[in-house]
Amino acid sequence: MLQTLMTHWPQILAIIPVVMAAIGIVHAIMTKEDVRAATGWVGVMFLSPFLGAIIYAVAGINRIRRATISAMRPLSSEAASAKHERNIAAEELIAERYGQRFTGLKTLGDRVARRALTSGNAIAILETGDEAYAAMCRAIDGAQRTILLETYIFDNDDVGRLFVESLAGAVQRGVSVRVLIDAVGARYSVPSILGRLREAGITADLFNGNIVMGLRLPYANLRTHRKILVVDGRIAFTGGMNIRKGFSAEFAGSSSARDT
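Numbering-wise, the sequence shown is residues 1 to 260 according to this note's numbering.
If you're looking for bench data, these hints aren't it; they were derived computationally from the structure. Treat the numbers as computed from the prediction; the structure is a model and nothing was measured. Misleading hints may appear alongside valid ones.
[As the list claims (entries may be wrong)] Beta-carbon label-pair distances, calculated as ranges: (1) Ile228 <-> Ala22: 37 to 47 Å; (2) Ser189 <-> Asn62: 37 to 47 Å; (3) Gly104 <-> Leu13: 50 to 60 Å; (4) Thr203 <-> Thr260: 37 to 47 Å; (5) Asn121 <-> Glu165: 27 to 37 Å; (6) Val35 <-> Leu105: 43 to 53 Å; (7) Glu165 <-> Ala257: 38 to 48 Å; (8) Asn121 <-> Ser189: 33 to 43 Å; (9) Gly104 <-> Ile55: 12 to 22 Å; (10) Arg138 <-> Gly40: 38 to 48 Å; (11) Arg138 <-> Gly201: 19 to 29 Å.
Every residue gets a Cβ at the ideal spot worked out from N, C-alpha and C, and that includes glycine.
Construct the entire structure; sequences and hints are all you get.
Okay, here's the thing in C-alpha coordinates:
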(Lines of atoms letter the chains of each structure in order from A and count residues from 1; the text may use other names and numbers.)
(Lines give C-alpha, C1' and ligand atoms only; values in the text may rest on other atoms or scores of the structure.)
Protein backbone atom coordinates (compact mmCIF):
# COMPACT_ATOMS: atom_id res chain seq x y z
CA MET A 1 0.00 0.00 0.00
CA LEU A 2 2.77 2.41 0.97
CA GLN A 3 4.70 1.52 -2.15
CA THR A 4 1.63 2.24 -4.27
CA LEU A 5 1.17 5.63 -2.63
CA MET A 6 4.81 6.53 -3.16
CA THR A 7 4.65 5.46 -6.79
CA HIS A 8 1.41 7.16 -7.72
CA TRP A 9 1.39 10.19 -5.40
CA PRO A 10 1.30 12.74 -8.26
CA GLN A 11 -1.83 11.13 -9.67
CA ILE A 12 -3.40 10.92 -6.21
CA LEU A 13 -2.72 14.61 -5.55
CA ALA A 14 -4.28 15.44 -8.90
CA ILE A 15 -7.39 13.36 -8.21
CA ILE A 16 -8.07 14.65 -4.67
CA PRO A 17 -9.15 18.19 -5.73
CA VAL A 18 -11.37 16.73 -8.44
CA VAL A 19 -13.08 14.43 -5.94
CA MET A 20 -13.48 17.28 -3.44
CA ALA A 21 -15.01 19.53 -6.10
CA ALA A 22 -17.29 16.76 -7.34
CA ILE A 23 -18.65 16.16 -3.83
CA GLY A 24 -19.13 19.90 -3.32
CA ILE A 25 -20.87 20.34 -6.67
CA VAL A 26 -23.28 17.49 -5.98
CA HIS A 27 -24.00 18.90 -2.51
CA ALA A 28 -24.65 22.40 -3.89
CA ILE A 29 -26.98 21.10 -6.59
CA MET A 30 -28.91 18.93 -4.12
CA THR A 31 -29.24 21.45 -1.28
CA LYS A 32 -29.30 24.99 -2.69
CA GLU A 33 -32.84 26.24 -3.22
CA ASP A 34 -31.66 29.35 -5.07
CA VAL A 35 -30.63 28.42 -8.62
CA ARG A 36 -28.26 31.38 -8.84
CA ALA A 37 -26.49 30.38 -5.62
CA ALA A 38 -26.13 26.78 -6.82
CA THR A 39 -24.83 27.92 -10.21
CA GLY A 40 -22.35 30.29 -8.59
CA TRP A 41 -20.91 27.66 -6.28
CA VAL A 42 -20.69 25.11 -9.09
CA GLY A 43 -18.78 27.66 -11.16
CA VAL A 44 -16.36 28.44 -8.33
CA MET A 45 -15.58 24.76 -7.73
CA PHE A 46 -15.32 24.04 -11.46
CA LEU A 47 -12.80 26.84 -12.03
CA SER A 48 -10.76 26.09 -8.90
CA PRO A 49 -11.56 22.58 -7.62
CA PHE A 50 -9.35 22.56 -4.52
CA LEU A 51 -9.72 26.15 -3.33
CA GLY A 52 -13.36 26.33 -4.42
CA ALA A 53 -14.25 23.19 -2.47
CA ILE A 54 -12.58 24.55 0.67
CA ILE A 55 -14.37 27.91 0.36
CA TYR A 56 -17.68 26.11 -0.16
CA ALA A 57 -17.07 23.91 2.90
CA VAL A 58 -16.43 27.01 5.03
CA ALA A 59 -18.95 29.52 3.69
CA GLY A 60 -21.41 27.68 1.48
CA ILE A 61 -22.93 24.99 3.67
CA ASN A 62 -25.95 25.81 5.82
CA ARG A 63 -25.19 24.11 9.12
CA ILE A 64 -28.52 24.77 10.77
CA ARG A 65 -29.92 21.28 11.05
CA ARG A 66 -33.50 20.71 10.04
CA ALA A 67 -34.04 18.92 13.34
CA THR A 68 -33.04 22.08 15.22
CA ILE A 69 -35.50 24.17 13.23
CA SER A 70 -38.22 21.63 13.96
CA ALA A 71 -37.48 21.60 17.68
CA MET A 72 -39.73 24.55 18.43
CA ARG A 73 -41.02 24.88 21.97
CA PRO A 74 -44.67 23.99 22.42
CA LEU A 75 -47.12 26.52 23.79
CA SER A 76 -46.39 27.10 27.46
CA SER A 77 -49.64 25.82 28.94
CA GLU A 78 -52.88 24.04 28.16
CA ALA A 79 -54.73 27.33 28.63
CA ALA A 80 -52.52 29.06 26.06
CA SER A 81 -52.92 26.14 23.69
CA ALA A 82 -56.70 26.22 24.05
CA LYS A 83 -56.73 29.97 23.43
CA HIS A 84 -54.63 29.50 20.32
CA GLU A 85 -57.00 26.83 19.03
CA ARG A 86 -60.02 29.10 19.57
CA ASN A 87 -58.42 31.92 17.59
CA ILE A 88 -57.41 29.90 14.53
CA ALA A 89 -58.72 31.58 11.39
CA ALA A 90 -61.14 29.29 9.55
CA GLU A 91 -60.66 28.77 5.82
CA GLU A 92 -64.27 29.84 5.29
CA LEU A 93 -63.48 33.22 6.86
CA ILE A 94 -60.42 33.65 4.63
CA ALA A 95 -62.42 32.77 1.51
CA GLU A 96 -65.27 35.09 2.46
CA ARG A 97 -63.08 38.13 3.10
CA TYR A 98 -60.25 37.71 0.62
CA GLY A 99 -61.28 35.07 -1.91
CA GLN A 100 -60.82 31.34 -2.28
CA ARG A 101 -57.31 31.66 -3.72
CA PHE A 102 -55.98 32.91 -0.37
CA THR A 103 -56.98 29.72 1.46
CA GLY A 104 -54.12 27.92 -0.26
CA LEU A 105 -51.75 30.66 0.87
CA LYS A 106 -53.01 30.21 4.44
CA THR A 107 -52.34 26.47 4.24
CA LEU A 108 -48.81 27.10 2.96
CA GLY A 109 -48.12 29.63 5.72
CA ASP A 110 -49.44 27.27 8.40
CA ARG A 111 -47.10 24.51 7.26
CA VAL A 112 -44.02 26.69 6.87
CA ALA A 113 -44.48 28.51 10.20
CA ARG A 114 -45.73 25.38 12.02
CA ARG A 115 -48.31 27.66 13.61
CA ALA A 116 -51.83 28.15 12.35
CA LEU A 117 -52.95 31.60 11.23
CA THR A 118 -55.06 33.24 13.93
CA SER A 119 -57.73 35.89 13.77
CA GLY A 120 -57.79 39.17 15.69
CA ASN A 121 -54.53 40.51 14.26
CA ALA A 122 -53.96 43.93 12.72
CA ILE A 123 -51.07 45.16 10.57
CA ALA A 124 -49.91 48.76 10.16
CA ILE A 125 -47.32 49.82 7.57
CA LEU A 126 -44.61 52.15 8.91
CA GLU A 127 -43.10 53.67 5.80
CA THR A 128 -40.14 55.66 7.16
CA GLY A 129 -37.48 55.17 9.77
CA ASP A 130 -38.68 58.13 11.81
CA GLU A 131 -42.20 56.70 11.89
CA ALA A 132 -41.03 53.20 12.72
CA TYR A 133 -38.50 54.20 15.38
CA ALA A 134 -41.02 56.45 17.14
CA ALA A 135 -43.62 53.65 17.20
CA MET A 136 -41.07 51.12 18.45
CA CYS A 137 -39.88 53.39 21.26
CA ARG A 138 -43.49 54.10 22.28
CA ALA A 139 -44.14 50.36 22.47
CA ILE A 140 -40.99 49.86 24.55
CA ASP A 141 -41.96 52.72 26.86
CA GLY A 142 -45.36 51.09 27.37
CA ALA A 143 -44.03 47.57 27.97
CA GLN A 144 -45.17 45.87 31.17
CA ARG A 145 -43.70 42.35 31.05
CA THR A 146 -41.24 41.44 28.28
CA ILE A 147 -39.25 42.97 25.44
CA LEU A 148 -37.39 40.87 22.86
CA LEU A 149 -35.25 42.71 20.31
CA GLU A 150 -33.17 41.11 17.54
CA THR A 151 -31.38 43.06 14.84
CA TYR A 152 -28.45 42.86 12.46
CA ILE A 153 -27.07 46.39 12.98
CA PHE A 154 -27.51 48.36 16.22
CA ASP A 155 -25.34 51.44 15.82
CA ASN A 156 -23.91 53.48 18.66
CA ASP A 157 -25.35 56.71 17.25
CA ASP A 158 -28.23 59.09 17.92
CA VAL A 159 -30.92 56.55 17.01
CA GLY A 160 -29.19 53.71 18.84
CA ARG A 161 -28.92 55.77 22.01
CA LEU A 162 -32.64 56.59 21.84
CA PHE A 163 -33.38 52.87 21.90
CA VAL A 164 -30.93 52.29 24.76
CA GLU A 165 -32.68 55.00 26.76
CA SER A 166 -36.10 53.43 26.21
CA LEU A 167 -34.83 49.91 26.92
CA ALA A 168 -33.06 51.08 30.09
CA GLY A 169 -36.27 52.72 31.27
CA ALA A 170 -38.10 49.44 30.74
CA VAL A 171 -35.49 47.59 32.80
CA GLN A 172 -35.93 50.08 35.63
CA ARG A 173 -39.69 49.38 35.57
CA GLY A 174 -38.99 45.68 36.09
CA VAL A 175 -39.59 44.61 32.49
CA SER A 176 -37.61 41.59 31.25
CA VAL A 177 -35.51 42.91 28.35
CA ARG A 178 -33.35 40.77 26.07
CA VAL A 179 -31.41 42.04 23.06
CA LEU A 180 -29.60 39.98 20.41
CA ILE A 181 -27.32 41.70 17.87
CA ASP A 182 -25.38 40.06 15.07
CA ALA A 183 -21.67 39.96 15.91
CA VAL A 184 -20.73 41.50 12.56
CA GLY A 185 -23.53 44.08 12.58
CA ALA A 186 -22.58 45.19 16.09
CA ARG A 187 -19.17 46.28 14.78
CA TYR A 188 -20.54 48.70 12.19
CA SER A 189 -19.97 51.42 14.79
CA VAL A 190 -16.94 51.85 17.05
CA PRO A 191 -17.23 51.50 19.97
CA SER A 192 -20.00 48.93 19.80
CA ILE A 193 -23.39 49.65 21.36
CA LEU A 194 -23.05 46.42 23.38
CA GLY A 195 -21.15 48.06 26.23
CA ARG A 196 -23.70 50.86 26.53
CA LEU A 197 -26.54 48.32 26.66
CA ARG A 198 -24.90 46.27 29.39
CA GLU A 199 -23.99 49.34 31.43
CA ALA A 200 -27.70 50.20 31.43
CA GLY A 201 -28.51 46.79 32.93
CA ILE A 202 -29.93 45.42 29.68
CA THR A 203 -29.39 41.72 28.93
CA ALA A 204 -27.63 41.84 25.55
CA ASP A 205 -25.58 39.32 23.59
CA LEU A 206 -24.00 38.79 20.18
CA PHE A 207 -25.11 36.24 17.62
CA ASN A 208 -22.30 33.99 16.37
CA GLY A 209 -19.38 35.93 17.78
CA ASN A 210 -15.72 34.87 18.06
CA ILE A 211 -15.84 33.26 14.62
CA VAL A 212 -12.10 33.56 14.04
CA MET A 213 -11.09 31.81 17.24
CA GLY A 214 -11.47 28.12 17.92
CA LEU A 215 -13.61 25.93 15.68
CA ARG A 216 -16.28 28.48 14.70
CA LEU A 217 -14.73 29.57 11.39
CA PRO A 218 -17.03 27.28 9.32
CA TYR A 219 -19.96 29.28 10.73
CA ALA A 220 -18.52 32.69 9.76
CA ASN A 221 -21.11 33.18 7.02
CA LEU A 222 -24.00 32.35 9.35
CA ARG A 223 -25.44 35.76 10.19
CA THR A 224 -28.79 36.93 11.53
CA HIS A 225 -30.38 39.62 9.38
CA ARG A 226 -33.66 39.51 11.28
CA LYS A 227 -35.07 42.80 12.53
CA ILE A 228 -37.68 41.89 15.14
CA LEU A 229 -39.09 43.62 18.19
CA VAL A 230 -41.74 41.88 20.32
CA VAL A 231 -43.32 43.69 23.27
CA ASP A 232 -45.35 41.82 25.90
CA GLY A 233 -46.04 39.06 23.35
CA ARG A 234 -48.72 41.35 21.97
CA ILE A 235 -47.11 43.97 19.73
CA ALA A 236 -44.47 43.07 17.14
CA PHE A 237 -42.36 45.00 14.64
CA THR A 238 -40.47 43.54 11.68
CA GLY A 239 -39.12 44.78 8.38
CA GLY A 240 -35.91 45.81 6.66
CA MET A 241 -34.66 48.64 8.87
CA ASN A 242 -31.68 48.25 11.15
CA ILE A 243 -31.27 50.50 14.18
CA ARG A 244 -29.12 53.33 12.84
CA LYS A 245 -29.51 56.99 11.97
CA GLY A 246 -29.07 56.26 8.26
CA PHE A 247 -32.77 55.33 8.13
CA SER A 248 -33.89 58.53 9.88
CA ALA A 249 -34.52 61.75 7.97
CA GLU A 250 -34.33 63.60 11.30
CA PHE A 251 -30.66 62.71 11.68
CA ALA A 252 -29.51 61.82 8.14
CA GLY A 253 -31.57 64.38 6.24
CA SER A 254 -32.25 63.85 2.54
CA SER A 255 -29.62 61.10 2.34
CA SER A 256 -31.59 58.79 4.64
CA ALA A 257 -32.36 55.30 3.34
CA ARG A 258 -35.96 54.27 2.67
CA ASP A 259 -37.42 51.04 4.00
CA THR A 260 -40.55 49.76 5.73
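Enumerate the violated hints, using their earlier numbering and listing them in ascending order. 2, 4, 6, 7 and 9
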